[in-house]
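Protein chains: 2
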Amino acid sequence: MNQDYIQPNDWSIIEEGFDVDRVKSSESLFSIGNGAMGQRANFEENYSGHTFQGSYIAGIYYPDKTKVGWWKNGYPKYFAKVLNAPNWIGIDIEINGENFDLNSCTEVSNFRRELNMKEGWYNRSFTAVLKNKTEIAVNVRRFLSIELDEVGYINYEITPLNKDAKIVYKPYVDAGVTNEDTNWEEKFWEPLDVKKSGNEGFVTAQTFKTHFKVTTFMHNSILTNGELTHISPSTIDALSDKIQFSYDTIVAKGEKSSIQKIGGYTVSLNHENTVTAAEKIIQVALHKGYDQLLEEHIAAWAKIWEMSDITITGDVKAQQGIRFNIFQLNQTYLGKDSRLNIGPKGFTGEKYGGSTYWDTEAYCIPFYMATKDQQVARNLLTYRFNQLDKAIENAKDNLGFKNGAALYPMVTMNGEECHNEWEITHEEIHRNGAIAFAIFNYYRFTGDYSYIPEKGLEVLIGIARFWHQRASFSKEKDQYVILGVTGPNEYENNINNNFYTNYIAKWCIDYAYEQIQKVSLEYPLDHKRIIEKVALSETELHEWKSVSQNMYFPKSAELGIYLQQDGFLDKDLVPVKDLDRSQRPINQKWSWDRVLRSPYIKQADVLQCFYFFENHFSKEELERNFDFYESFTVHESSLSPCVHSIQAAKLDKMDMAYTFYLRTSRLDLDDYNKEVEEGCHITSMAGTWMSIVEGFGGMRVKNDSLHFSPKIPKEWEGYSFKINFRNQILKIAVTHNETQFSLEGDKEITVFVNEKPIEVQPNQMVTA
Amino acid sequence: MNQDYIQPNDWSIIEEGFDVDRVKSSESLFSIGNGAMGQRANFEENYSGHTFQGSYIAGIYYPDKTKVGWWKNGYPKYFAKVLNAPNWIGIDIEINGENFDLNSCTEVSNFRRELNMKEGWYNRSFTAVLKNKTEIAVNVRRFLSIELDEVGYINYEITPLNKDAKIVYKPYVDAGVTNEDTNWEEKFWEPLDVKKSGNEGFVTAQTFKTHFKVTTFMHNSILTNGELTHISPSTIDALSDKIQFSYDTIVAKGEKSSIQKIGGYTVSLNHENTVTAAEKIIQVALHKGYDQLLEEHIAAWAKIWEMSDITITGDVKAQQGIRFNIFQLNQTYLGKDSRLNIGPKGFTGEKYGGSTYWDTEAYCIPFYMATKDQQVARNLLTYRFNQLDKAIENAKDNLGFKNGAALYPMVTMNGEECHNEWEITHEEIHRNGAIAFAIFNYYRFTGDYSYIPEKGLEVLIGIARFWHQRASFSKEKDQYVILGVTGPNEYENNINNNFYTNYIAKWCIDYAYEQIQKVSLEYPLDHKRIIEKVALSETELHEWKSVSQNMYFPKSAELGIYLQQDGFLDKDLVPVKDLDRSQRPINQKWSWDRVLRSPYIKQADVLQCFYFFENHFSKEELERNFDFYESFTVHESSLSPCVHSIQAAKLDKMDMAYTFYLRTSRLDLDDYNKEVEEGCHITSMAGTWMSIVEGFGGMRVKNDSLHFSPKIPKEWEGYSFKINFRNQILKIAVTHNETQFSLEGDKEITVFVNEKPIEVQPNQMVTA
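First to last, the protein sequences are chains V and C. Reading the first sequence from the start, the letters are residues 1 to 768 in the numbering used here. Reading the second sequence from the start, the letters are residues 1 to 768 in the numbering used here.
Pulled out of the complex, with its shape left as it was, chain V reads as follows:
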């Protein structure tokens, strides 16, 4: 059953009413993050009901010992887990001698959560009656500063409503945390040191194996009616991995008592001495104070929204959906640090592990290119460049390739492969294609060619070498084939000649070849440096071309479609619409062999190829392939509906496009896949953005210009978005009658609307 309790609202995610069965889902949906850290919307005070506790720090991971039933050669030794980080938000509270716990109150009313996406804060308020009959009103606000990204702030206010109350606040930091998904029930954190000083507490711990050192800190202030008190804490708990203070205060009925807790992490990735760094950052935060920090935080979010907001009028659920997606993407990754990437669950859960999938290149980069400075996308590309050596090592040591062939990992934290299903890790090799495509896409969008001679070309060569070696010659077909792969549709394993994989393999070789020629002409010094470094010969280049020129592509002349793989038409081709609803989702209802031999498609596969290489195919071809494959697609991947939405829009199937749009944008809010408790689907949220910009807006970059073919779902009155195109910011507003363009920048640009050129002058509005 899809849940449907989130209140429709333009700018906020709002839950009203307390329901213990929704706690874990809401913990995911109300998560906050600032690119450097984040956490699920766990209650600050102790909660004895069902909860999934999770705090996360970007770049800090744990290589958990691999768990498999039967070991296979080439499996990595570890699976990098998104690490549940020490808890700094915790505040145990005692009221008139009773531990306050929402799960044991006799009454909870006016319960309301709000995630204010415009301003970037999370608020929880309610009235509760404890077992001891004390009635309290509570309001808690929490935010993780964008400006000071090592710091979060909690303002926890309690007003006793029916009697005076002795309130004891017991804030703590605790490194004694575990992951829910440990393979071997092991602890991941080794406590090193606990320190306290006045109102400040510090717990330093390091990860086992990876030895990331983290100081988790807190500073607490107690206020009455907004005035700072000077209550001194006693220390109740100074274990090796936890420190907890206790503040006693007497609050008269009707008075507002509050604790303001500053907390966060300083990590050895950024600091030599993490304790000293923590002490300093507390001083900076205290100096600014809660109000100023929040103000600056709101301003930072305003700046983010200024660039990345999409407005939709006339459809509040659609509006809320897209903003939730954009908000989460920005909470997860702000592009400041090229060591980081975009984890599939961001800071909302620990499932899947690893921080980097092909999702980054295939789905996220377009969003970050268009809504941030181009350096952000460049950082994402550089992340892969920095891991090229490990991709070469992976191909060589684990998989038997040679001569500098690079296979990027399916899942990684540091460039090493860390996923261990052979059918994914060893066979889902198309990921290499998206990484090359992203280089092409970056240049196409930004016009910044310098990345290729500087870094990109080496990556392209390693990838081309991989495809060259991975293809094999079929005497039977007299062509090159690629056997034993898993395509983007993970409901097929060990198939031969996946159209998408073969196509992108050929493209990668051709593109690398072209760039070598271009760099040779335009950047001869870089060319020399690189060719010498990678020892690339003319003979090898010649062999590459013979593979790319003779690549085999499965197709059906009769149906006029490309085949997802050899033998696809042998399947029992019952369309999804004729599949009994009780059998879905098939990945939860069917055994794996049945999923595999069925015609059902988890996510765009042939259609992913049509998405990447749109201009290689005619619209008629697209339509035939879309109609065929859409009928078998079950969209059980979060990455699926967006691509179908874009293509449906292109084919003027607007009702379908709109349905897919809602599905992608509200996947988590409406919990389509019945798993939001485990966290949100962050990377596919970039696909939602693409559904509007590339789908409805029809945006493309061709020949260094922006092209549009705007469409609008009948359910909407209008929508608008902005594109940062080569340092000029273009705003596009679409209604049923017209499209308006306006430009923040200093020189005019020409855009194309349905292939017709339109001049847009700075700070003028043009209607098309």
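Warning: the hint list may mix true and false statements.
Simulated coverage check for chain C against chain V, where a stretch passes if three residues somewhere in it have a Cβ under 8 Å from a Cβ of chain V [as the list claims (entries may be wrong)]:
hint	region
1	316-327
2	415-425
3	480-491
4	565-577
5	581-593
On the chain C side, residues computed to face chain V include the following (Cβ under 7 Å) [what the hints assert, rightly or not]:
hint	residue
6	Glu-476
7	Asn-494
8	Leu-596
Derived DSS-like pairs (lysine-lysine); straight-line CA-CA distance at most 25 Å [what the hints assert, rightly or not]:
hint	chain 1	residue 1	chain 2	residue 2
9	C	Lys-555	C	Lys-533
10	C	Lys-477	V	Lys-475
11	C	Lys-118	C	Lys-24
12	V	Lys-402	V	Lys-589
13	C	Lys-351	V	Lys-67
14	C	Lys-390	V	Lys-589
15	C	Lys-589	V	Lys-390
16	V	Lys-67	C	Lys-77
Hints were generated in silico from the structure; no laboratory data involved. Built from N, CA and C at the ideal position, the CB exists for glycine as well.
Chain V is fixed; fit chain C onto it per the hints.
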């Protein structure tokens, strides 16, 4: 490196010289068993070097919690482990105050192990100098009685050679044992009770979850120069799961001291009160005494050999190989108990788990049919009949089949599937075919049709229903296809239209259909009973036939061969002979994806079909397919060389046949696959028997008669074997010049030699 330390000998396995690096291998090779229990050749006394401790009881298993990296629907909850049983052989020994341990002696000489296969005992002798300079001569003999199959006997003799010695014997039984292959480091045995009485000790324990109750017992006698002493034991250890006695004795230099230990198991599968049963069986054994028990044991083995021996003259290694194989098969399974089956490692190790694979039907049944009473093979068939309900449940609940379709498990202890790799468990469905084929084979060989109306027909119907539902219709091919399988060649996963699978699927349907007609005519009451029970309609039968009549088989007209699967010829077809030796075994050197897309074949696949259905194909077809597939076969399964040996013999490729014969018969003795430390490959040993009888002897059953086409490797002078054919025992002796037949029985039979009929009279020799 293949080891090569076993002395060639017609009747014994002999190791000379003590080498700590060989201990684990020898523990496997010198294992003993009696069908009901067995154990590795672990030393009785404490040994601090590398050892793999293992004792096993037939039918007693543990359902270990499944371990997988990523759970998939339909996976069984447990993997049934061959359980390391309580140790009853242990005797700690102290000599002049020093714990005797071969690993810490200053000198060990004249070390010799002998496994006397003719008489069924295992002997170990050596001279050792302890650190305290006491020199002793030791001789230990152990056997597990065939007659009293709950009892084993150890006679452990020590002669101090250079000084008098105080010898303390500390025999024990210990249920505090663990499996090396636990998934979660859990204990499998729960101790219940420890009891002692005079020289007898009892430890009763039960398995967790399955609650098999086992009393492990011992009785000890101390002798000096063969005369019973009356030393009373003290109890040194009476833990909850172990009991240990201590006997002190002073032995003069040159005198022979010995401990005779009776031990074994009584189990709740056979006894209400296992302790009482243990007490009784000790009395029976004591009453007979060591000498008589050993004598009866030798006589029992003589009877086994009388029927099952194969002699080979002129090639002692070949002779030793086949006897080792026959000996191990008989140690593992004697056919007395239809609850038992033939575990892949017998009583020699714990690897693989489960007791029953398709190996039983495809490889073992022919051996047991021809060398035992036909009831033994009937018991093996009945084992599957008794598990039909669970096979139906497995197909329905785990895999989504309906209407009584049965899929037998890939690995089982009790009828439930307990293996958990989707590519094996869910896709290696051809096992269902071998189970039907065994019914056909049993009737073909024994002429006992009664099994089919009584039990077999229901099994055949369940299996036919499975294939009917599992096949799907390809509009593209206008034929039925079977998609997404793993064939006998496990170096392919999720392939389409595996020739062997499609062929046996069609055969199963046709055979079930025929048997329904036959039973209908000849056993109308059984027919009515069964058809009503399984609710089989004419419509369904009609549908079966349309599947079997329109089954698709992949082939190459150009090469004149059947294709192992769709697309096989797209592979990079480099024959094994051109594969660098350093790359083998490929399953240890290559990542799984590379194995899968290679053309290399682990074991006979298309050729398995030619083996089962020989008379469906011409010899020319066989030769073309053999030549093609043999060139790609790496024989990395123990089940592979035997089938190739039989077919090579048929094709007069005698050198090849001989090479494969040696490989199959001495697989463990010469440790071809570098893994004998983990135990012996029991089930493939039946394939060795087939290599001689069906390969060189060319034995077939056609139209109720035995046919032969004898051939002989040039390395041999002659060979002979016996066949129990329909309660008459025919002996066949082959030399380069002639074949002799003689018959133990009461009526003449006609055999065919190279299609020529020969009359053999009882107790007369006929030469052909």
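Against the structure, the hints come out as follows:
no., hint, in the structure
1, 316-327, "violated (count 0)"
2, 415-425, "holds (count 3)"
3, 480-491, "holds (count 3)"
4, 565-577, "holds (count 7)"
5, 581-593, "holds (count 7)"
6, Glu-476, "holds, 4 Å"
7, Asn-494, "holds, 4 Å"
8, Leu-596, "holds, 5 Å"
9, C:Lys-555 with C:Lys-533, "violated, 40 Å"
10, C:Lys-477 with V:Lys-475, "holds, 23 Å"
11, C:Lys-118 with C:Lys-24, "holds, 24 Å"
12, V:Lys-402 with V:Lys-589, "violated, 42 Å"
13, C:Lys-351 with V:Lys-67, "holds, 18 Å"
14, C:Lys-390 with V:Lys-589, "holds, 20 Å"
15, C:Lys-589 with V:Lys-390, "holds, 20 Å"
16, V:Lys-67 with C:Lys-77, "holds, 16 Å"
In terms of the numbered hints stated before, the structure departs from hints 1, 9, 12, listed from lowest to highest.
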